[in-house]
Amino acid sequence: MQEIEIAELKKLTEIVRDKYRYDFSNYAMSSFKRRIQRILELYRFPSIDALCKKLQDEPLFFKEFLSEITVNVTEMFRDPSFWRVLRDQVLPNILLNNNNISIWHAGCSSGEEVFSLAITLREMGLLEKVKIIATDIDTAILEKAKSGIYPLKNMELNQKNYIRYQGTQTLENYYKEENGKVIMDKSLMANVSFQEHNLVNSRPFSKFDLILCRNVMIYFNQTLQNNVLKMFHESLFKYGYLIVGSKESLIWCDIANKFIVVNNEEKIYKKIRD
Amino acid sequence: MSQYNLNNQFRAVVIGGSAGSFQVINKILASLPKDFDLPIIMCLHRLKHVRNGFVEALNIKSTKEITEPEDKETIKKGHIYLAPANYHLQIELGNTFSLSTDEMINNSRPSIDLTLETAAYNYKHRLIGILLSGANKDGALGMKKIKERGGLTIVQDPKDCMIDTMPSAALKITEIDHTLNIQELINFFKELYKESKSNY
Numbered sequence: 000m001q002e003i004e005i006a007e008l009k010k011l012t013e014i015v016r017d018k019y020r021y022d023f024s025n026y027a028m029s030s031f032k033r034r035i036q037r038i039l040e041l042y043r044f045p046s047i048d049a050l051c052k053k054l055q056d057e058p059l060f061f062k063e064f065l066s067e068i069t070v071n072v073t074e075m076f077r078d079p080s081f082w083r084v085l086r087d088q089v090l091p092n093i094l095l096n097n098n099n100i101s102i103w104h105a106g107c108s109s110g111e112e113v114f115s116l117a118i119t120l121r122e123m124g125l126l127e128k129v130k131i132i133a134t135d136i137d138t139a140i141l142e143k144a145k146s147g148i149y150p151l152k153n154m155e156l157n158q159k160n161y162i163r164y165q166g167t168q169t170l171e172n173y174y175k176e177e178n179g180k181v182i183m184d185k186s187l188m189a190n191v192s193f194q195e196h197n198l199v200n201s202r203p204f205s206k207f208d209l210i211l212c213r214n215v216m217i218y219f220n221q222t223l224q225n226n227v228l229k230m231f232h233e234s235l236f237k238y239g240y241l242i243v244g245s246k247e248s249l250i251w252c253d254i255a256n257k258f259i260v261v262n263n264e265e266k267i268y269k270k271i272r273d
Numbered sequence: 000m001s002q003y004n005l006n007n008q009f010r011a012v013v014i015g016g017s018a019g020s021f022q023v024i025n026k027i028l029a030s031l032p033k034d035f036d037l038p039i040i041m042c043l044h045r046l047k048h049v050r051n052g053f054v055e056a057l058n059i060k061s062t063k064e065i066t067e068p069e070d071k072e073t074i075k076k077g078h079i080y081l082a083p084a085n086y087h088l089q090i091e092l093g094n095t096f097s098l099s100t101d102e103m104i105n106n107s108r109p110s111i112d113l114t115l116e117t118a119a120y121n122y123k124h125r126l127i128g129i130l131l132s133g134a135n136k137d138g139a140l141g142m143k144k145i146k147e148r149g150g151l152t153i154v155q156d157p158k159d160c161m162i163d164t165m166p167s168a169a170l171k172i173t174e175i176d177h178t179l180n181i182q183e184l185i186n187f188f189k190e191l192y193k194e195s196k197s198n199y
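Quick mapping for you: the protein sequence lines, in order, are chains A and B.
Heads up: the first sequence is residues 0 to 273, going by numbering that gives the first Met the number 0.
Heads up: the second sequence is residues 0 to 199, going by numbering that gives the first Met the number 0.
The set of hints was computed from the structure by calculation and includes no laboratory data.
Hints should not be assumed to be uniformly reliable.
[Stated by the list, open to error] Think about it this way: if two alpha-carbon atoms lie no more than 25 Å apart in a straight line, the pair counts; the simulated SDA-like pairs of lysine to any residue are:
1. B:K47 to A:R83
2. A:K32 to B:E69
3. A:K10 to B:E91
4. A:K9 to B:T73
5. B:K123 to B:L170
6. A:K10 to B:Y120
7. B:K123 to A:E7
8. B:K47 to A:E265
9. A:K152 to B:M103
10. B:K123 to A:A6
11. B:K123 to A:N220
12. B:K47 to A:R37
13. A:K145 to A:N172
So here's chain A without its partners, still in its complex pose (with noise of 0.2 Å):
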């Protein structure tokens, strides 16, 4: 596989960006390349000049490549432990100052995130309080998050994880077997709402009690976390909370002095400070 030069990543990024409105100069190096390495090779492209020509030529392909792009790889109830941590600590929390809990779901892939949300919310009894708002630049892949379809063999590993967060019943009672496929109870996602979004260059569209946007920002280099980390911060009602995942950190960037670390364990952060 031919080394992929960073030149060449430029012409395809402001390529993709003067035509499509999609600004990708600032994702993270190394897997960013991966990506573009993968789409050379499942396409059978030559060259990234091969890739860039396509997308010249034609528009439709955009939304495929768009959706090879990003990394959809997820799994419910990843990190149990910070699950019980949101169950246990978090969520009851917001409740202690509301009767609502609005949530924003950023970069929600595939939705097996969500419905671990879900899940949580209707073992606590707080399915109806929640409104949830589930983004990703995919729309492909909030399709298939609508649909709540998903290989019967990704089962074990979730049930697995789910186990270790000690859920009150068992994950089964949560879908039904199909062909080799798995079908989510539809109900869980009736205070759900799925919308396309960017969050590169984004505005606040709203404000919530709780963001949640774990192992996203990984993808993104500094300066579009600290970006993004921003906008989360104006998103964010006072002593409201930003979750990020298990191995990324908020320390280091412009906003971390209107938060405080909730829980570094699980990087649950509070904002103290508009």
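Using the hints, position chain B against chain A.
Just chain B now, with coordinates in the frame of chain A:
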């Protein structure tokens, strides 16, 4: 005069290992001089869902503290790093870490190949890559990349390994510079240390 012809050109050491590598790492880190200043980046196969216990176990005997880096953390001289569970650990141009939750590679996340390859891309010939005992081929392609970029490649002697699949796979596709047993690996680090001190 060092038998390894080291030239003090190196800026980092990457170590990959799986089954059978824990004791080797322990011995190396237990005999490391406290002011050894090359960053050491370790990618060891581990259980995906076990976040605590591994780095703590390694820290018992190590002369220097080992940490599991966070995304975007700067790679610092004299520090020892261990790839955290259930993430791929990559090295970015500019000497920072980046994480990924992408598909497992060779059934592993973290993947040794990914750490080695991105390290090779960043450090080029200023990198030492070491591959230890393990039961699959993860790391073979990474070692090849390190060699191609002019770095120094070392594997644990297959005869010395608990499971030799990993170093043997690397030997098969690349002309590895040195094949060392555990004692020779410990001596290698001592030579590296001496070399780095002698040029001040």
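A quick look at each hint next to the structure:
Straight-line distance between C-alpha atoms of B:K47 and A:R83 comes to about 18 Å, which keeps the hinted pair within the 25 Å bound. For the proposed pair A:K32 and B:E69, the alpha carbon gap of about 20 Å is at most 25 Å, so the pair holds. Taken as a hint, the A:K10 and B:E91 pair is honoured in the structure, with Cα atoms around 20 Å apart against an allowance of 25 Å. For the proposed pair A:K9 and B:T73, the alpha carbon gap of about 24 Å is at most 25 Å, so the pair holds.
The suggested pairing of B:K123 with B:L170 holds, with an alpha-carbon distance near 20 Å, which does not exceed 25 Å. Annotation: proposed proximity of A:K10 to B:Y120 holds, straight-line Cα distance about 20 Å (limit 25 Å). Using a Cα cut-off of 25 Å, the hinted pair B:K123 and A:E7 holds, with the two alpha carbons roughly 20 Å apart. About 16 Å separates the Cα atoms of B:K47 and A:E265, which keeps this hinted pair within 25 Å; it holds.
For the given pair, A:K152 sits about 15 Å from B:M103 by alpha-carbon distance, which is consistent with the 25 Å threshold. The suggested pairing of B:K123 with A:A6 holds, with an alpha-carbon distance near 18 Å, which does not exceed 25 Å. The suggested pairing of B:K123 with A:N220 holds, with an alpha-carbon distance near 22 Å, which does not exceed 25 Å. Taking the CA atoms of B:K47 and A:R37, the gap is about 24 Å. The hint holds against a cut of 25 Å.
Taking the CA atoms of A:K145 and A:N172, the gap is about 19 Å. The hint holds against a cut of 25 Å.
In this structure, none of the earlier numbered hints is contradicted; all agree with it.
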